[in-house]
Every structure is written in C-alpha cells, then in structure tokens.
Amino acid sequence: MIQFFNVTKEYPRTGLALSDATFRIHKGEFAFLTGPSGAGKSTILRLTYFEERPTRGEVRVSGVTSSEVSRSEVAKLRRRLGIVFQDFRLLDDRTAEENVAFALEVIGTRRDQIAPRVQRALSQVGLGSKMKAFPRELSGGEQQRVAIARALVNDPFVLIADEPTGNLDERATRGVFQLLRDINASGTAVLMATHDLELIKRTDYRTIELDHGRVVFDSTDSAPPPTPSAGSRALGELT
Amino acid sequence: MRLALRDALFAFHKAPLLSALSIMTIAFSLFAFALFGLVAINIKRALEGVEERVEIRAFVADGTPVEDVVRAADEISRYREVASSKIVSQEQALARARRELGEFSDVFEAGVLPASIDIRLKPGSRDPRSVGAVAARVRTLGFVDDVRYGEEWISQLHRLRNIAGITGIALGLAFAVVAVIIIGATIRMTVLARAKEISIMRLVGATDGFIRRPFLIEGFAKGVIGGLLALALTWTAAATIEYYLKFRATFFDDRLVLFGLAGGALIGLFGSAFAVGRHLRRI
Numbered sequence: 001m002i003q004f005f006n007v008t009k010e011y012p013r014t015g016l017a018l019s020d021a022t023f024r025i026h027k028g029e030f031a032f033l034t035g036p037s038g039a040g041k042s043t044i045l046r047l048t049y050f051e052e053r054p055t056r057g058e059v060r061v062s063g064v065t066s067s068e069v070s071r072s073e074v075a076k077l078r079r080r081l082g083i084v085f086q087d088f089r090l091l092d093d094r095t096a097e098e099n100v101a102f103a104l105e106v107i108g109t110r111r112d113q114i115a116p117r118v119q120r121a122l123s124q125v126g127l128g129s130k131m132k133a134f135p136r137e138l139s140g141g142e143q144q145r146v147a148i149a150r151a152l153v154n155d156p157f158v159l160i161a162d163e164p165t166g167n168l169d170e171r172a173t174r175g176v177f178q179l180l181r182d183i184n185a186s187g188t189a190v191l192m193a194t195h196d197l198e199l200i201k202r203t204d205y206r207t208i209e210l211d212h213g214r215v216v217f218d219s220t221d222s223a224p225p226p227t228p229s230a231g232s233r234a235l236g237e238l239t
Numbered sequence: 240m241r242l243a244l245r246d247a248l249f250a251f252h253k254a255p256l257l258s259a260l261s262i263m264t265i266a267f268s269l270f271a272f273a274l275f276g277l278v279a280i281n282i283k284r285a286l287e288g289v290e291e292r293v294e295i296r297a298f299v300a301d302g303t304p305v306e307d308v309v310r311a312a313d314e315i316s317r318y319r320e321v322a323s324s325k326i327v328s329q330e331q332a333l334a335r336a337r338r339e340l341g342e343f344s345d346v347f348e349a350g351v352l353p354a355s356i357d358i359r360l361k362p363g364s365r366d367p368r369s370v371g372a373v374a375a376r377v378r379t380l381g382f383v384d385d386v387r388y389g390e391e392w393i394s395q396l397h398r399l400r401n402i403a404g405i406t407g408i409a410l411g412l413a414f415a416v417v418a419v420i421i422i423g424a425t426i427r428m429t430v431l432a433r434a435k436e437i438s439i440m441r442l443v444g445a446t447d448g449f450i451r452r453p454f455l456i457e458g459f460a461k462g463v464i465g466g467l468l469a470l471a472l473t474w475t476a477a478a479t480i481e482y483y484l485k486f487r488a489t490f491f492d493d494r495l496v497l498f499g500l501a502g503g504a505l506i507g508l509f510g511s512a513f514a515v516g517r518h519l520r521r522i
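If you read the sequences in order, they're chains L and R. Under this note's numbering, the first residue of the first sequence carries the number 1, and numbering increases by one thereafter. Under this note's numbering, the first residue of the second sequence carries the number 240, and numbering increases by one thereafter.
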C-alpha cells in the first residue's frame with residue numbers, strides 16, 4: 001500500500017534528510033515512525049503524501065509512483081489519504097462542522113451528501129455535540145479530534161499523523177491515541193510519527209525508528225526488503 | 240462554481256480592509272492611467288483642430304481664363320489627398336483680407352491681391368510630405384504663380400504631434416506596467432492572507448484549478464469595481480478642470496469607457512492568476 005524503495009531525500013540548504021530508506025506499510029497496519037527531532041520522520045510523511053519527491057529512489061502509494069505522478073494525480077490521491085498535524089491546521093473562522101465540511105466541498109462532493117457525512121465523522125471522534133463550536137472554543141484535544149474528523153470524512157485508506165499528540169497534555173494524548181487505535185481497528189491503516197516513547201511502549205504496534213535520516217530499526221524487519229518489481233506484485237495484492 | 244463565488248465573497252467579508260486597499264490601489268492605478276489618457280486625448284483633439292486648418296493656396300496669374308482655373312480646381316479636387324478645392328476670386332481675396340486684418344483693412348486696394356485656388360486636405364494627408372507633394376503637383380500648373388502652405392509651420396506641428404504621441408505611448412505603458420505590478424502585489428497579499436486555507440485545500444485534495452477559481456473571481460471583481468471607481472474619479476477630475484479652467488475637455492467615449500473597465504477586469508484577473516500561480520508553484 002505504501003512502499004519506499006531506497007529513498008533518499010536531500011535539501012539544497014540543509015542537506016541529507018533521509019538516506020536509502022526501504023520499507024512497506026501494509027493495508028490496515030498501524031505503524032509508528034519514531035526517532036529524535038530531525039531524524040527524518042516528517043520527511044517520510046511528506047514523501048508519503050507527495051508533498052516532496054525523493055532525490056533518489058521511489059515512493060509508491062496505492063499504485064501512484066513518485067517518479068511519474070502529476071499534480072492533479074497528487075490531488076486525487078490525497079482525497080483517499082487522511083492527514084493530521086501537530087498544530088491541527090484548522091480554519092479559525094469556521095466552526096468544527098464547517099472545517100470538516102471544507103474537505104468535502106473542495107473536492108466537489110454533492111451538497112446533500114456533505115451534512116450527513118460531516119455529522120458522522122464528528123460523531124466518530126466524539127464531537128457530535130460540538131459541531132457549531134469554533135476552534136478557539138475547543139480544547140487542544142478537541143481541536144485535534146476535529147482535524148481527525150476532517151481527515152476521516154473522505155474514508156481514507158490510511159491516516160498519516162505527524163506528531164498528533166505533540167501539543168496535547170497527557171489526558172488528551174491518551175484520548176487522541178485511543179481514537180487512532182479505534183480508527184485502525186475499523187480497517188484504516190495509521191502511519192504515525194511520534195517521539196513519545198511511552199506511547200509506543202504501551203502497544204505492540206510496528207515501530208520504525210530513524211536516526212540521522214536512516215532507518216535504524218524496524219520491529220517487523222523479518223522479511224527481506226522489497227524490490228520495485230516485488231513491490232509491484234505486492235501492490236496488486238494490497239490495494 | 241457556487242463554492243468559488245461564495246469563497247470570493249467570503250474573502251471580501253473576511254478581510255474588508257485588505258479588499259478595500261486592493262480596490263483602491265486598482266482604482267488609483269487606473270485613475271492615473273485614465274487621467275493621462277484624458278490629457279493625451281485632449282492634446283490629440285487640439286492638434287487635430289489645428290491640423291484641420293492646414294491649407295494649400297495656389298495663386299493664379301493675372302489674366303488666366305476663368306475656365307482654365309475652374310478646370311484645374313476640379314482636377315485638383317480629385318487628387319487622392321485632397322478633401323476640397325475652392326476658387327477665391329480677387330474680390331473675395333480682398334474681402335477676406337479686410338475681414339482678417341480688421342483695423343488695417345484699408346491698406347488694401349482693389350486688384351492688389353491675386354485670385355487663388357484654396358485646397359483643403361483629407362485627415363491623414365496633412366503631414367509635411369503629403370502637403371509638399373500636393374503643393375509640388377499644383378505648382379506645375381502653367382497659370383500658377385506661387386504656392387504657399389506654411390511649410391515650416393506644418394513641420395513644427397507634425398513634430399509636436401509625433402512627440403505627443405510617443406510620449407503618450409511611453410508614459411501610458413509605464414503607467415500600465417506600474418498598475419499591473421501594484422495590483423499583482425496587492426492580490427499577492429490576499430493570497431498570503433489565505434495561505435493556510437490554500438495549504439489545507441491542497442492537503443485534502445483540491446486541484447490547482449479549484450484553488451485558483453475563487454481568487455480569479457475575486458481579482459476580476461476587484462478589477463471591475465476598481466475600474467468603476469477610476470471612471471468616477473476621472474469624470475470628477477475632468478469636470479473639476481472644466482469648471483475651474485473654463486476649458487471644454489473631451490471625455491472618453493462609450494467604447495473607451497468599456498475598454499477601460501475591461502482593462503481593469505483583465506488586470507485584476509491576470510494579477511490574481513499570476514499571484515496564485517506563483518504561490519501554488521512554491522507550495
């Protein structure tokens with residue numbers, strides 16, 4: 001479903017961000033990306049939703065290949081991804097309901113379908129009663145739930161979360177993490193970057209550890225690394 | 240489209256000050272352009288008025304038979320450059336001189352002034368070369384004693400017209416370029432003010448075309464509103480000048496007004512397209 005083949009990412013000014021990373025995230029899997037700041041976690045996520053392109057190597061997401069993808073194909077792929085950030089990225093002048101509806105409106109969803117889907121997504125994250133609240137009226141944990149609802153409203157096959165609990169207190173962190181687990185349990189894969197080791201220890205989910213742009217540990221690294229041709233075969237099975 | 244229209248309206252509502260600033264910038268840029276255009280049009284009209292007085296006068300030798308003069312005048316009026324030709328008899332020449340010289344009218348006696356053929360030229364044939372060519376042709380007629388057409392005066396007038404035209408085009412282009420740059424910058428401010436919204440749109444899968452649409456509508460609307468304001472400002476300025484300088488100025492005709500409004504709309508549209516395109520290429 002998500003495949004990295006010997007991916008290296010270099011920036012002109014800051015240099016090497018990711019070096020020769022090869023791994024695969026399977027359908028319905030929950031995987032942590034961990035490591036210290038600057039290890040390359042966010043780079044992997046940005047490469048996954050094609051915000052960045054690899055300097056070398058190849059990224060494949062649901063049959064879309066980094067070396068061939070166009071801007072319009074990226075837009076279409078993102079409609080099937082859910083993306084969540086540490087800073088929530090909500091529109092401050094719109095209510096929770098409007099923020100979630102925004103994700104449907106901008107891809108041309110029929111008007112009569114928007115309201116029920118928004119209601120369902122907000123109920124799924126436990127905010128069915130706060131649909132009319134503006135972000136400033138919500139706690140950090142609630143704001144992140146709105147962001148998750150926005151990510152879920154298009155029924156993504158994977159939820160990409162970049163430090164989703166980074167700005168939250170312990171209680172809110174537990175709540176948001178449990179929500180991500182529930183989402184995963186319902187069949188959506190979750191790829192979550194975090195440096196919260198306590199969170200990782202609490203579960204037996206797959207963990208990919210990075211350091212200085214290299215994958216230094218993969219808890220399910222038993223199989224040999226995939227090759228592009230093997231990846232193509234796997235893609236057919238998984239997507 | 241409904242959403243794009245709503246977003247464009249929402250942008251006005253969300254940042255009224257910035258929107259007003261953009262519209263005022265467009266209005267003042269177009270106003271400066273229009274004011275200059277108005278000056279250029281009035282200079283052009285004034286020069287055209289002077290040019291209309293360009294005339295060739297072919298003096299007829301004494302004793303020339305009237306039939307020869309009439310035949311020649313008829314032939315001259317058929318020249319491609321000639322609008323009309325008129326025979327002025329000795330008596331008519333005397334009456335005209337007395338009329339034009341006022342208090343010195345009694346210095347002329349009957350028979351002093353020669354008869355002439357007065358030739359008026361078509362617009363577009365009043366430049367020194369065309370006038371000179373017609374004069375040279377008329378001079379070849381046997382009974383013509385002399386031909387006068389104010390050679391030096393016509394050259395000066397033509398030079399002045401050329402200078403005014405070139406200056407007009409250069410300054411007009413400079414104003415237009417400045418207007419486009421300023422408008423592009425103000426629209427870029429509105430794009431930057433909505434950078435977060437654009438980044439979220441891209442994350443949830445909006446296409447570049449979809450993201451661009453409300454900005455294009457916004458730019459177009461601002462261009463039209465700015466154009467209307469500029470039109471009102473120009474009209475007020477022209478009326479004020481007329482009132483204080485007691486000068487009957489020529490204003491833009493309907494075609495030019497529409498052209499100006501369309502120009503404002505296009506500047507707004509292209510300024511927006513440029514600003515959003517640049518922003519989208521960067522993110």
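Hints should not be assumed to be uniformly reliable.
A few chain L positions that, by computed beta-carbon distances, are all more than 10 Å from chain R [stated by the list, open to error]: (1) R13; (2) Y49; (3) E58; (4) R71; (5) S72; (6) A75; (7) L91; (8) D93; (9) V106; (10) N154; (11) D155; (12) D169; (13) D182.
One-sided and incomplete, this derived list gives chain L residues near chain R with beta-carbon spacing under 8 Å [said to hold, decoys possible]: (14) F102; (15) P135; (16) L138.
Below, in silico cross-link-like pairs of lysine-lysine (DSSO-like), each with a Cα-Cα straight-line distance of 27 Å or less [claimed, not checked]: (17) L:K130 - R:K361; (18) R:K435 - L:K76; (19) R:K253 - R:K435; (20) L:K132 - R:K361; (21) L:K132 - R:K435; (22) L:K132 - L:K201; (23) R:K435 - R:K485; (24) R:K283 - R:K253; (25) R:K485 - L:K130; (26) R:K485 - R:K283; (27) L:K201 - L:K76.
Read the hints as simulated data drawn from the structure, not as lab findings. Treat the numbers as computed from the prediction; the structure is a model and nothing was measured. For glycine and all other residues, C-beta sits at the position ideal for the given N, C-alpha and C.
Evaluated hints:
1. R13: Check passes; 15 Å lies beyond 10 Å.
2. Y49: 7 Å, violated
3. E58: For L:E58, whose nearest Cβ neighbour in chain R is about 22 Å away, the distance exceeds 10 Å, so it holds.
4. R71: The assertion about L:R71 is violated, with a minimum of 6 Å to chain R.
5. S72: Violated, since 6 Å does not exceed 10 Å.
6. A75: Nearest chain R Cβ is 5 Å from L:A75, so the label is violated.
7. L91: 6 Å, violated
8. D93: 7 Å, violated
9. V106: It is violated; L:V106 is separated from chain R by about 4 Å at its closest Cβ, not greater than 10 Å.
10. N154: Per Cβ check, L:N154 is inside 10 Å of chain R; nearest 7 Å; violated.
11. D155: The assertion about L:D155 holds, with a minimum of 13 Å to chain R.
12. D169: Holds, because the least Cβ-Cβ distance between L:D169 and chain R comes to about 25 Å, which exceeds 10 Å.
13. D182: 22 Å, holds
14. F102: With Cβ-Cβ at 7 Å, under 8 Å, it holds.
15. P135: This hint is violated: L:P135 lies away from chain R, its Cβ roughly 12 Å from the closest one there, beyond 8 Å.
16. L138: Since the shortest Cβ distance to chain R is 17 Å, the answer is violated.
17. L:K130 - R:K361: 80 Å, violated
18. R:K435 - L:K76: 20 Å, holds
19. R:K253 - R:K435: 14 Å, holds
20. L:K132 - R:K361: Outside the cut-off at roughly 75 Å; violated.
21. L:K132 - R:K435: 21 Å, holds
22. L:K132 - L:K201: 37 Å, violated
23. R:K435 - R:K485: 55 Å, violated
24. R:K283 - R:K253: Measuring from Cα to Cα gives roughly 45 Å; hence the hint is violated.
25. R:K485 - L:K130: The hint is violated at about 68 Å.
26. R:K485 - R:K283: Measuring from Cα to Cα gives roughly 19 Å; hence the hint holds.
27. L:K201 - L:K76: 36 Å, violated
When the structure is compared with the earlier hints, violations turn up for hints 2, 4, 5, 6, 7, 8, 9, 10, 15, 16, 17, 20, 22, 23, 24, 25 and 27 and for no others.
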